[in-house]
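Student: Sequences listed follow chains A and B, in order. Take the position in the first sequence, starting the count at 1, then add 413; the result is the number in the numbering used here. With the first letter of the second sequence counted as 1, position 303 gets the number 296 in the numbering used here; the numbers rise by one all the way through.
What the hints contain is simulated information worked out from the structure, not anything from laboratory work. No residue lacks a Cβ here, since even glycine has one placed at the ideal position from N, Cα and C. The reader is advised that the hints may include incorrect statements.
As the list claims (entries may be wrong) - Result set (EDC-like, lysine to aspartate or glutamate): computed pairs, CA atoms no more than 16 Å apart in a straight line: (1) K229(B) / E977(A); (2) K715(A) / D336(B); (3) K226(B) / E977(A); (4) K173(B) / E519(A); (5) K229(B) / E519(A); (6) K522(A) / E197(B); (7) K522(A) / D230(B); (8) K522(A) / D273(B); (9) K215(B) / D240(B); (10) K573(A) / E583(A); (11) K317(B) / D273(B); (12) K522(A) / D336(B).
Claimed, not checked - Here are some chain A residues the structure puts well away from chain B; computed CB gaps all over 12 Å: (13) G513; (14) A604; (15) D667; (16) G897; (17) L962; (18) K966.
Claimed, not checked - Below, a sample of chain A positions facing chain B; criterion: calculated Cβ distance under 7 Å: (19) T598; (20) A800; (21) F801; (22) P823.
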Amino acid sequence: MWAAALLAAGCYSGASADTDADTGTASNPTATDSGDPTDSGDPTDSGDSDTAGDAELLPQTSRYPRLSHTQWENTIQDLFFLTEPTGFSALFIGDPVSGGFDNNSEALKVTATLWTDYQRGAEQVAELVASDPALLAKFAPPTDGDSDAQATAFITSFGKRAYRRPLTAEEIARHLEIFHAGVATPGELAAFPAGVRLVVQAMLQSPHFLYRVEASEVPDGTKIRLSGHEIASKLSYMLWNTMPDDALFAAAADGSLDDPKGVAAQAARLLDHPRAHAMVANFHYQLLQVDHYSDIYKDPVKFAAYSAELNPLLASETLKFVDDVVFNDGDLATLLTAPYTFVNAKLAPFYGVAGDFSDDFVKVDLDPARRAGILTQLGFLMANAGAFENDPIHRGVFLNLQLLCSNLPPPPNMVPPLPPPVEGETLRERVDRHTGKGTCGEGCHGYLINPIGFAFENYDPLGQWQTMDAGKPVDAAAEFSLGGVSQKYDGAVELAHLMADSDEAHRCYVAHFLEYGYARRPQKADDKFIATLAASSKSGTHTIKQIILELSKSDAFLFRAPVEP
Amino acid sequence: MTRKPILSRRGFLYGAGGVAVGLPFLEGLQPRKLRAAPPERPRFAVFVRQANGCAQADNGEPEQFWPSQLGAITKESLTADSDRAVSELAEFADQLLMVRGTRFAFPGNGCGHSGGGNQVLTAQKVSDDPSGNLSLAMGESVDNRIARELNPKSNPEPLATYAGAMGGYINEVLSYRGPKDLRAADRNPWSVYTKMVGITTLPEEVIQQIKTRRTSVNDLLKEQMSSLMSSPKLSKDDQDRLQLHFDAIRDIEVELSCQLPPQEEQDAMAAQMDYSGQDDRMQTIVMMHMNLIALAFACDYTRTATLQIGDGNDGTEYLLDGVKFPRYHQISHRIYSDGSEGDPIPDALGKHHRIDREHARMFAHLLQRLAMYTTDTGTLLGDSVAVWCNDLGAGVSHTYNNIPWVCAGSCGGFLKTGQYIDAGDVTHNKFHNTILSAVGLTNVEGNFVDDFGDPELEPGVIDGMIAV
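Work the whole structure out from these sequences, hints included.
Tutor: Right under this line is the structure:
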């Protein structure tokens, strides 16, 4: 109950944001950063507002989610049957950090600079594919008839794949004009490829290509049902990060996707395909902030066993474990508690596992009394520790924000530094003295951050098991409120099992997957669906794969809300 | 097939080292009608941002940044101040205007770096939501204002460049279109260069064909966008999204008639196509962006530009004299940590000072490039103001007081250079009002700009910066 009360009020009571240490005036603000490498995902309000009214509403969403640069690159490759990505998107201007996942449709816009990049990219692609007869034959195969008939056949077939829906007769006619304009400006190309080049150049800059357009406007009760082709794109970009394949187009065309069962069947097909592994990896890479592993640094004197070449190996370990759990029908509890991992010769010593290892990763069982799931593996532990010592504060912040969706407010602007260590004082004692109960950091640290972080004190900054700190036995016991009840635990293994049995962790994980899958922040209207899925995840009814499949069955996936005036 | 002459038909003069450089704007820009009271000739403003504060007197640490005396600064005085970071700029002493005594008006919201970055070029409040490292500015930035009012229509955006890693914690911080509308920045010099030059180096016949094709495409795109935008069932967010996209569709007819960089410079930029923020390339990329900014001004591609060096709390491991320094953010904290706990970094203050000097030397490179382009009355630097700034005052305290502003160039004689002044603890919107006035903008009455930044702020300029 403590946590809930604190969250509602904002849990810290630090120094006023607008007072200055030097002058004491209100007009000279001073700010200290937290050094906080976590983002405030804050995906949902914990599902506490399941009112009857909310249950009827769909979230308000964009009808024009833009392709991410990764999706642009994947789509170009598939559209032209290329054997590898063009790499042209590497020079596109990036998108500002928005805090969510990198496909957050609310943050992806076409600015003047990006439009110039799209123009250049479209022209490069068009030149590439139209000037190579072998490539041309793949996406614009020869057809019978006169020049216009051939052009029309190309526009019709290619246009459906580029715009991810059939073109109208008016659109075909209008693109035929573009084709003619291309023929009239051939440069060194023959007539047909010159026409194709300009049609490609145009289509790749079109809003119908750059956005996953939801054009449907026909009401279905209080909702608007997405068309089969819109569902096909939504599914494909959610599960494969690219355009629909032929089978999805066929399902859209034959009406299969007008039926939720047909949608579910296609979702299952896509998820069983090897391409889905990249999606699962990408989601967890962002959720677990695996990109931070590349910044891991340890003092070479104090930790001679560390070298920077470990960093990419840690990322591999994490992603191999995630892939193994998800595609062997594991659930969130497995992810949080399974006592095994993947190591090679360089990582094995940190776990103290004996054996004959090579550069290749192999699955190894770990001591279940010491290791439980993703949070006791090396990547998380090393990335959330300093160069010299552990960092229980940031381990605690990470879990609160990324895995429990605690609504931690930002830290106060003035954070005094951690006091110097006193002889014989453990890190836990020092952190407690600085931020624990009875200090001005008590609100957040005393009840939310430190109790979680202290559970990991049995692991040193390299993730190795330790039992002593400053000459004293490690104290990794703490208590934390889960499900409104204060839960006691001793160490990260017990904490991991408590989390695996908590509403908070399941709700948070589901909310994050919804955010990634739907390419938008969760809204209040998603709460009921998230709570239902979370309950199934907690009870063991739903594996992670089943959670992903369920995302394709919701009203929020199959319909959109009418736009409120 | 004839090649389009790259050298201008118009007169061209000679830059440093006898390199011929085109000078299109002497004639080429005369007819352009400015919406504000036009200066006699175009003026330019570039903002180069260093992160993490500077090693100035603060929090018990000694002064190692500013000159030792307020007032006139000369090559001799700066040389004598050899223990100060700005002494690296002694060669440009008569063109310098250093301004201390300004502060950001508003507190950050959970992250000092983000809050400072939000304010440095905007003088706007920091957003309540999002907060922390994701906080945003609540209004447009000074470069956006300049571009919005003065840029050629074919290029409505200010040039926004970035050097360094993008770690995802805080990336771009500088340029805002409006409230919470952060502009992304271009990190790759080759991408910037090729966008700027476009098709101008191609043979004339090819250019005409490309232009014709682009016109056909753009006509179609505008039709498609208009059709989408005509739906009455669009949310405000979608309306704004589509409008931004629609406005971006344009005929890019910037025909750069200034001379392009020598082939070896082009090759060097092309060789950086794979750049993705590697620390050991930082200085190389910074200087390439500076070359491009000078070129962009010389060609009147844009009237304003930003260059962000390092991410929000620059974590670059600078390579200085062959020695790899610890992460700069940690140096600014004086400890081996991005937070508040960690062991001390030996001579962290000295290291911070050396990084300040490195930024000064990089800034000097920009000044050299701007000075390389000569005009009938001086150099492009004289028609510009180059600003080296920081989004914090000092490292350890993360103070928003005494933000360092080092300007170079009088912006056509508007700014009073060759001096180091104390603005008197004023909010920094007045600094930007002065810069906006320097590039030729006015308020609605035709006087100096006085309305930049949050409306709660006291209006006005910094009189001591103004020569006239």
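Student: Find the nearest Cβ of chain B to the Cβ of L962(A) and say whether that gap is larger than 12 Å.
Tutor: holds (29 Å)
Student: Taking 7 Å as the limit, does the beta-carbon of P823(A) come near enough to a beta-carbon in chain B?
Tutor: holds (2 Å)
Student: K522(A) and D336(B): Cα distance at most 16 Å?
Tutor: violated (43 Å)
Student: Hint check: K522(A) vs E197(B), CA-CA at most 16 Å. Holds or violated?
Tutor: violated (34 Å)
Student: Does the claim that A604(A) lies outside the interface with chain B hold up, using a Cβ gap greater than 12 Å?
Tutor: Holds, since 14 Å exceeds 12 Å.
Student: Check whether the Cα positions of K715(A) and D336(B) lie no farther apart than 16 Å.
Tutor: Satisfied, since the Cα-Cα distance of roughly 12 Å is no more than 16 Å.
Student: Verify the proposed pairing of K229(B) with E977(A), using a straight-line Cα cut of 16 Å.
Tutor: holds (10 Å)
Student: Starting from K229(B), check that the Cα of E519(A) is at most 16 Å away, please.
Tutor: The hint holds at about 12 Å.
Student: Take the C-alpha atoms of K226(B) and E977(A), compute the straight-line distance between them, and say whether it is at most 16 Å.
Tutor: Cα-Cα ~8 Å, so holds.
Student: Does D230(B) lie within 16 Å of K522(A) when you go C-alpha to C-alpha?
Tutor: Holds, because 11 Å separates the two Cα atoms, which is no more than 16 Å.
Student: Check the non-interface label on G513(A): least C-beta distance to chain B beyond 12 Å or not.
Tutor: violated (9 Å)
Student: Given the proposed pairing of K173(B) with E519(A), does the C-alpha separation stay at or below 16 Å?
Tutor: With a Cα-Cα distance of about 12 Å, the restraint between K173(B) and E519(A) holds, given a limit of 16 Å.
Figure legend: structure checked against the earlier numbered hints; hints not met, in rising order: 6, 8, 12 and 13.
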